[in-house]
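A.B. asks: The residues making up each chain are set out below.
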Amino acid sequence: MPKREYARLGETVYYDTLPNGLRVVTVPRAGFRKAAAYLMVGCGGVDRGDAPLGAAHFLEHKLFEMPEGENALTVMTRRGANANAFTASDVTAYHFISTSDFFENLETLLSFVNTPYFTDESVEREKPIIAREIAMTDDEPDTALYYGLLGALFKKNPIRDPVLGTVGTISAMTPADLYAYHKKFYTPANMILTVVGPGERDRILDLASRHTPSGPSLPPERGYGEESVERPYRKTFRERRDISAPIFLTGVKTAPAVGANTRLELVAALALNVLMSEGSPLWSELYDGGLINDTFSFDYETSAGVSFLSFGGETEHSDRVVERVFAEAQRLSKNGIPADYFERCRKAAVGDELRALDSFDNVAYNAALSGLYGYDYFDTLPTLLGITREEVMDFLGEYMTAERAATAKILVKEAV
Amino acid sequence: MIKLRPEITVLSPGVTLTSVRDERFKTGCVSISLITPLDKKTAALNSSLPFVLSRGTARHPDTESLEAALDDLYGARIEPFVRKRGECQIIGFYADFADPAFIPEKRILEKVTALMGELLLAPALYSGRFRRDFVETERDNLVADIRAEINDRRFWATGRLIELMCAGEAYGVPRLGRLREAEKVSVATLTNRWHEVLRCARIEIFYCGSAPVSQVERALKAALSTLPVSRTRGTPMTAVIPEPKRLPRLFIEAAEVHEAQLRVGYRLGGMEKPDHPALLVLNSLLGGSSTSRLFLDMREKRGLAYSVSSQLDRQKGIMLIAAGIDAERYPDAMAAIDEAVADIQGGQFTDEELEGARQSVAGSLYTVADSQPGLESFAIGATLMGIDEAPEELAQLSLLVTREDVMDAAAGIKKDTVYLLREEAQDA
Numbered sequence: 001m002p003k004r005e006y007a008r009l010g011e012t013v014y015y016d017t018l019p020n021g022l023r024v025v026t027v028p029r030a031g032f033r034k035a036a037a038y039l040m041v042g043c044g045g046v047d048r049g050d051a052p053l054g055a056a057h058f059l060e061h062k063l064f065e066m067p068e069g070e071n072a073l074t075v076m077t078r079r080g081a082n083a084n085a086f087t088a089s090d091v092t093a094y095h096f097i098s099t100s101d102f103f104e105n106l107e108t109l110l111s112f113v114n115t116p117y118f119t120d121e122s123v124e125r126e127k128p129i130i131a132r133e134i135a136m137t138d139d140e141p142d143t144a145l146y147y148g149l150l151g152a153l154f155k156k157n158p159i160r161d162p163v164l165g166t167v168g169t170i171s172a173m174t175p176a177d178l179y180a181y182h183k184k185f186y187t188p189a190n191m192i193l194t195v196v197g198p199g200e201r202d203r204i205l206d207l208a209s210r211h212t213p214s215g216p217s218l219p220p221e222r223g224y225g226e227e228s229v230e231r232p233y234r235k236t237f238r239e240r241r242d243i244s245a246p247i248f249l250t251g252v253k254t255a256p257a258v259g260a261n262t263r264l265e266l267v268a269a270l271a272l273n274v275l276m277s278e279g280s281p282l283w284s285e286l287y288d289g290g291l292i293n294d295t296f297s298f299d300y301e302t303s304a305g306v307s308f309l310s311f312g313g314e315t316e317h318s319d320r321v322v323e324r325v326f327a328e329a330q331r332l333s334k335n336g337i338p339a340d341y342f343e344r345c346r347k348a349a350v351g352d353e354l355r356a357l358d359s360f361d362n363v364a365y366n367a368a369l370s371g372l373y374g375y376d377y378f379d380t381l382p383t384l385l386g387i388t389r390e391e392v393m394d395f396l397g398e399y400m401t402a403e404r405a406a407t408a409k410i411l412v413k414e415a416v
Numbered sequence: 417m418i419k420l421r422p423e424i425t426v427l428s429p430g431v432t433l434t435s436v437r438d439e440r441f442k443t444g445c446v447s448i449s450l451i452t453p454l455d456k457k458t459a460a461l462n463s464s465l466p467f468v469l470s471r472g473t474a475r476h477p478d479t480e481s482l483e484a485a486l487d488d489l490y491g492a493r494i495e496p497f498v499r500k501r502g503e504c505q506i507i508g509f510y511a512d513f514a515d516p517a518f519i520p521e522k523r524i525l526e527k528v529t530a531l532m533g534e535l536l537l538a539p540a541l542y543s544g545r546f547r548r549d550f551v552e553t554e555r556d557n558l559v560a561d562i563r564a565e566i567n568d569r570r571f572w573a574t575g576r577l578i579e580l581m582c583a584g585e586a587y588g589v590p591r592l593g594r595l596r597e598a599e600k601v602s603v604a605t606l607t608n609r610w611h612e613v614l615r616c617a618r619i620e621i622f623y624c625g626s627a628p629v630s631q632v633e634r635a636l637k638a639a640l641s642t643l644p645v646s647r648t649r650g651t652p653m654t655a656v657i658p659e660p661k662r663l664p665r666l667f668i669e670a671a672e673v674h675e676a677q678l679r680v681g682y683r684l685g686g687m688e689k690p691d692h693p694a695l696l697v698l699n700s701l702l703g704g705s706s707t708s709r710l711f712l713d714m715r716e717k718r719g720l721a722y723s724v725s726s727q728l729d730r731q732k733g734i735m736l737i738a739a740g741i742d743a744e745r746y747p748d749a750m751a752a753i754d755e756a757v758a759d760i761q762g763g764q765f766t767d768e769e770l771e772g773a774r775q776s777v778a779g780s781l782y783t784v785a786d787s788q789p790g791l792e793s794f795a796i797g798a799t800l801m802g803i804d805e806a807p808e809e810l811a812q813l814s815l816l817v818t819r820e821d822v823m824d825a826a827a828g829i830k831k832d833t834v835y836l837l838r839e840e841a842q843d844a
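Protein chains in written order, with our numbering: chain B, 1 to 416; chain E, 417 to 844.
No false leads were slipped in.
EDC-like, lysine to aspartate or glutamate: derived pairs with alpha carbons at most 16 Å apart:
1) E/LYS717 with B/GLU126
2) B/LYS413 with E/GLU672
3) B/LYS127 with E/GLU716
4) B/LYS127 with E/ASP742
5) E/LYS717 with B/GLU121
6) E/LYS717 with B/GLU70
Covered stretches of chain B, going by a simulated chain E footprint (3 or more residues, C-beta under 8 Å):
7) 97-104
8) 124-136
9) 236-250
10) 279-289
11) 336-348
These aren't lab readings, by the way, just hints derived from the structure by calculation. We put the CB at the ideal spot given by N, CA and C, even for glycine.
This is chain B alone, in the form it adopts within the complex (with noise of 0.2 Å):
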């Protein structure tokens, strides 16, 4: 259906899809002089094609440079706009907000994605660049956390390998790799194109047909593999680092929140949420016996047909909070959940969904993402009212278990 009204929202969506198969979603908001686009790709750092690893992210940088010799990035931010790309696991996104000039910046937005153009020289200049970033994320404690935990909780999946890639793998990037990269990933059946602000369709639809290649096409094959998802791959990770205070993080895979299954992710968060936000008993009692603090939290993830929930933070006794957290859990599953607790964390949930809508950037961000994985952004909140007690207590029960859970820590390295 080419239009949705979510009357509770004050929203109106369009949804089109080109002959190319290129989806576009329009999302009007009248009185802004601001606007958003997104121009997201099916594919990320674990999609390799032939290329060497870290290619996904390689080509988001190349992919600025035009053949005249301008820069993309350039122009649209010498309109004003600010512009830029990001590459995920599972996703890449091209995207930028502006308050003048809209639809120069769309048109630049589309041609330039739709256009690779990479030179033996600008593909050796960038290597440097990159190493740079990798060194930088090299020295962020989070970050080895993160990877830490995929590698204990995933054999095979490629989530677990770096979305920059090593200096090593990136020294080997050629121009032909990334040109075959870009003609097997970047087809207009593998995008999707969203809008906030402007209303102008007609206009919008026009220009994205013109910049993208016409003629059908396909999305490519995407496949990683079967992962168990009953236990980690291996039970912790450790680290030493010259940090102030220990990390730790840890992780459960859940059935993935896919095809069919996407309310399982609104499950998932309201399950976390009861069980260890700031409102819950368990996050006093933790907090007032100073075994967490403010960095504690937890999370959710979809990507590459996995699933898993992950929670953390700063604390010198991570085994205890581990401990206490999966207890907990248990509790609440065979015990019950109070009735007025849940439907106080529920109505959390909705304020939390409202203002998240207020943001551009995360309404074409979410519009494009679940416009990739086949479901309405929009439905969050109905579906959130539908959730029941015991679909998330079962939820709780299935799995907040040791034997599911993988560890990662990052101990101090003490002085020598």
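Following the hints, complete the assembly by docking chain E onto the known chain B.
C.D. replies: Just chain E now, kept in the frame of chain B:
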């Protein structure tokens, strides 16, 4: 195009409310800022205060109870904050909440502001003082936070530069205060500080949302009815040092890093009548965007850095250039930075670069006008720097900045201090 004119009301001497009525958002926000002089003797106490106050009120004596009240208001959030702007330390609370148009709760503004008032004025006390367990936990958290700053090498390097460059100036005091004072925060000293701050701090309140000013005023007056009326709420000043007091010094420190962090601090000259649009454009031109001179030269052309940027503190009259580099290439990096600064001062930049900087600054300011947190942050800065223009007006002025304006603004730039954080040198 909506022309948003903030309405400014004085609730009592030194307590001002800025309201922006705006019906475009699905949320509303209120912030209460207590503006105090940045001083090493009080900085750690001030930075503990909002966190201890957040632990509980007389009516909601613990986190569970407080969070339950907030969750009941559709996940309204009231977050404590500690900010440093020039030589002011600003502590307080920032609240955001769903707009009544989207939820069954129609009195959400009144309920959230009432809670904010309670956090500030009616915290959970024991024998008239803060609870020992609250103070000790938050003191320990503050100490951990200060110790943790070294974990983010990029952030740490910037902090070290400021401490070294501005040693002996109030600006040299870190945002959270120093470790030695943080370790000594106690029930008695913190309770006293709370009383002092309530009496003496300049208070700025900001609202943005769909409610009319009259409703906002009523809600805040009710929420802050027990705030002492005081005639001594002055706005703290920031001392500008127009020139370095000596030749530039280089400090090198060692840490486990894969990427060396270079920081260069500059004084901007006298700031009696700062040309804010020209300063913003100057910064954008030099290192404020991906089309800036530093970015295009040091990163794209010479591969000397992945991350390089410049930033200004227009209250304090200083500029900072930051770059992540390979330590062996420090001389090349320093030379490239010197060249970039000299070029801007000498007018050696193209019309295209200038236009790009103007558009970039205007774009940022127009974006501020479209975001509640943006408007809130802008309002505080405007009060402290005596800026009367709204963000859109500053944006329009930025589009008119000339080459000469930029050169005039850059004329006073003088290098003061250089800092390099690197791996222990192998031949040390």
